[in-house]
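Colleague: Taking the hints into account, I'd like the entire structure generated from these sequences.
One line per chain: the protein sequences are V and D, in this order.
The numbers in the working numbering rise by one with no breaks, and the one at position 3 of the first sequence is 3.
The numbers in the working numbering rise by one with no breaks, and the one at position 55 of the second sequence is 55.
Derived by calculation from the structure, the hints in this document are not laboratory data.
C-beta: ideal position from N, C-alpha, C; glycine also.
List of simulated lysine-lysine pairs, DSS-like, C-alpha gap at most 30 Å: (1) V/K29 <-> D/K126; (2) D/K42 <-> D/K64; (3) D/K313 <-> D/K9; (4) D/K9 <-> V/K180; (5) D/K126 <-> D/K226; (6) V/K242 <-> V/K74.
What the simulated footprint calls covered on chain D by chain V, stretch by stretch (three residues with Cβ under 8 Å from a Cβ of chain V suffice, anywhere in the stretch; the number is not a length): (7) 14-27; (8) 144-156; (9) 260-269; (10) 277-286; (11) 296-309.
Here's a subset of chain D near chain V, in silico, CB distances under 10 Å, partners left out: (12) L140; (13) I141; (14) G255.
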Amino acid sequence: MSTALESEPGVVAETSERRLRTAVWRLMKDRPSAVVGAIVLGLIVLLAIFAPLVAPHGIHDKIGPPFGRPADFKPLGLDDGGTDVLSLLIWGARISLIVGFAATLVAMLIGGTVGILAGYYGGSTDTVLMRITDYFLAIPDVPLMIVVAAIWGPSLSHIILVIGMLLWTSTARIVRAQVKSVRERVYVKRARALGAGDARIVFRHVLPQVAPLLVANTVLTIAVAIFDETALAFLGLSDPSKISWGKMIKNATESAAVSYGAWWAIVPPGVCVAIVILACTLIGSAMEDSLNPRLRVAHLAARGFRIGTEG
Amino acid sequence: MRGADYIIKRTAFALITVFVAITLNFVLFRALPGDTIANLSKVPGATPQLRAELTEEFGLDQSKWQQYWIYLGQLAHLNLGVSFSSTEPVTSEVGRAVVNTVPMVLLGTVFSVVFGTITGVLAAWKRRTLLDHGSVSLALIFYSLPTHWLGLMLLLLTAGILPRGGRTDEFLFNPTFTEHMIDIGKHMLLPSLTLGLVLYGQYTLVTRSAMLETLGEDFILTARAKGMRDRTIVRRHAFRNAMLPIITLVALSFGYIVAGSILIETVFSWPGVGLLVSRSVQRRDWPVLQGAFLVLTISVVFFNYVADLLYFKLDPRITT
Chain V
1 MSTALESEPG VVAETSERRL RTAVWRLMKD RPSAVVGAIV LGLIVLLAIF APLVAPHGIH
61 DKIGPPFGRP ADFKPLGLDD GGTDVLSLLI WGARISLIVG FAATLVAMLI GGTVGILAGY
121 YGGSTDTVLM RITDYFLAIP DVPLMIVVAA IWGPSLSHII LVIGMLLWTS TARIVRAQVK
181 SVRERVYVKR ARALGAGDAR IVFRHVLPQV APLLVANTVL TIAVAIFDET ALAFLGLSDP
241 SKISWGKMIK NATESAAVSY GAWWAIVPPG VCVAIVILAC TLIGSAMEDS LNPRLRVAHL
301 AARGFRIGTE G
Chain D
1 MRGADYIIKR TAFALITVFV AITLNFVLFR ALPGDTIANL SKVPGATPQL RAELTEEFGL
61 DQSKWQQYWI YLGQLAHLNL GVSFSSTEPV TSEVGRAVVN TVPMVLLGTV FSVVFGTITG
121 VLAAWKRRTL LDHGSVSLAL IFYSLPTHWL GLMLLLLTAG ILPRGGRTDE FLFNPTFTEH
181 MIDIGKHMLL PSLTLGLVLY GQYTLVTRSA MLETLGEDFI LTARAKGMRD RTIVRRHAFR
241 NAMLPIITLV ALSFGYIVAG SILIETVFSW PGVGLLVSRS VQRRDWPVLQ GAFLVLTISV
301 VFFNYVADLL YFKLDPRITT
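Modeller: Now the structure itself:
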């Protein structure tokens, strides 16, 4: 009896690891766009980490006249303060990504906890938590973020908290639904019959099953968080001492880059935000698709009668 | 009657959500510590008389709990205090802004729903063709662009052709009615187009995946087996079923529309609720921000409610 207990978790861990590896392999084969997204995102993260080594100038170095043309000043020209736009982009990546990742972490912690508690315990816990989630879901995020950020005052940690505290609802719902179905599976019941506690069941049996969806959701949330940071920065609610992509757009707008025709001050940061959002969307939706088998079959398609199992 | 329960439940939920929003509004602005935010009477440059009146009206010298009840009572009379920057009643400022926002948002939404649905259906139908890949890529790109940045790009591209912002040309001398309308239309074109393009991407993707999901159902296979023409299957069987998720998602995207309109109106200085939000944030004009937030929240809740009812009407399978 006791040997069976010892060996069971090991077996589960090994198969789920192997399953993960095959899933990743399949993803790479079927969804090249997701792989491209992952590579691009990885490169940008590396650039942000090694900003001090990569960036040609500092963010306060004035190296020429305001809005110096790209032709005169290396690749991307200068912004309204005569600072190198390329360096700003690289340094700005740091803040934008920190906000994106940290806010997502906050959202995942709240959403994951709420989802697991609601799905696992069910009953009145479920009802109360899901009611709260529903209200949060019904109240529009961005206006609420703006209001809270305006009242709290602009700072990096406030922005992260505000975004994270309002982005957890969809995660909570997804996790709850998944936990609810996993909870009823035979092996979970068996583990319980063998005397496993709630914490063990959740971390050992439920969480690994929920993980892939949670990861997909995380990646999609990062995109939303970065968008939200850009939006808050545009309304003047970002940390005034930190430069992010959103802040660059805001600065360029305020200093009339549009009427000046200084496209180089305003196009690059937007493109960067778009690239990161696009990369996250590609990765996240490819993962979601591969987890949703219903999309793999199409009875009516231009090519071939039945597409079969390819994604 | 079928689903009276459902309607009652949804109505109750919508009403409670509005109540939660109203309470949240009070808690955020008035009950949190910090006197400048909490005190509605601290209108900069106001006469002592106005201050005394506001203190009296909102019971600002009483306990928070009593203030909450007075707040609810005043709200029932549509009284939200006066603007810090113009000392005008908040309600009339917000009211005027709503009138400007609605046509702009409506034009953009209609544009995106029509084009988004058409491309979405075509992309799903012609799956894995150039058309599909092309429209999905385009939709993804529009979906990824930051809203206000797209607006700025359109401004850069149309510099000198279309007006840069505002709602009317102030130098247009004594315009006739048609001239006036054309003028407003010209000013509205870019904001609406920005909103339309941003939403277009989303609606295309949603429609496409809803259609793909429906096309995988067995009744499509049956219809094909019966020898029905592709076009009939798409129109009669697939699209009608795919409409359900599309409608919900269009209504759910109303929160997204609201967020977009805040950014877009700020870019184009279109004098709507969105611009009111960003101006009142910059000026720390708390009463106006409060009013605008309430209007935006209630309208989002309302549209979600409408979507629920529509869903119910369209899907006979819902009974509870």
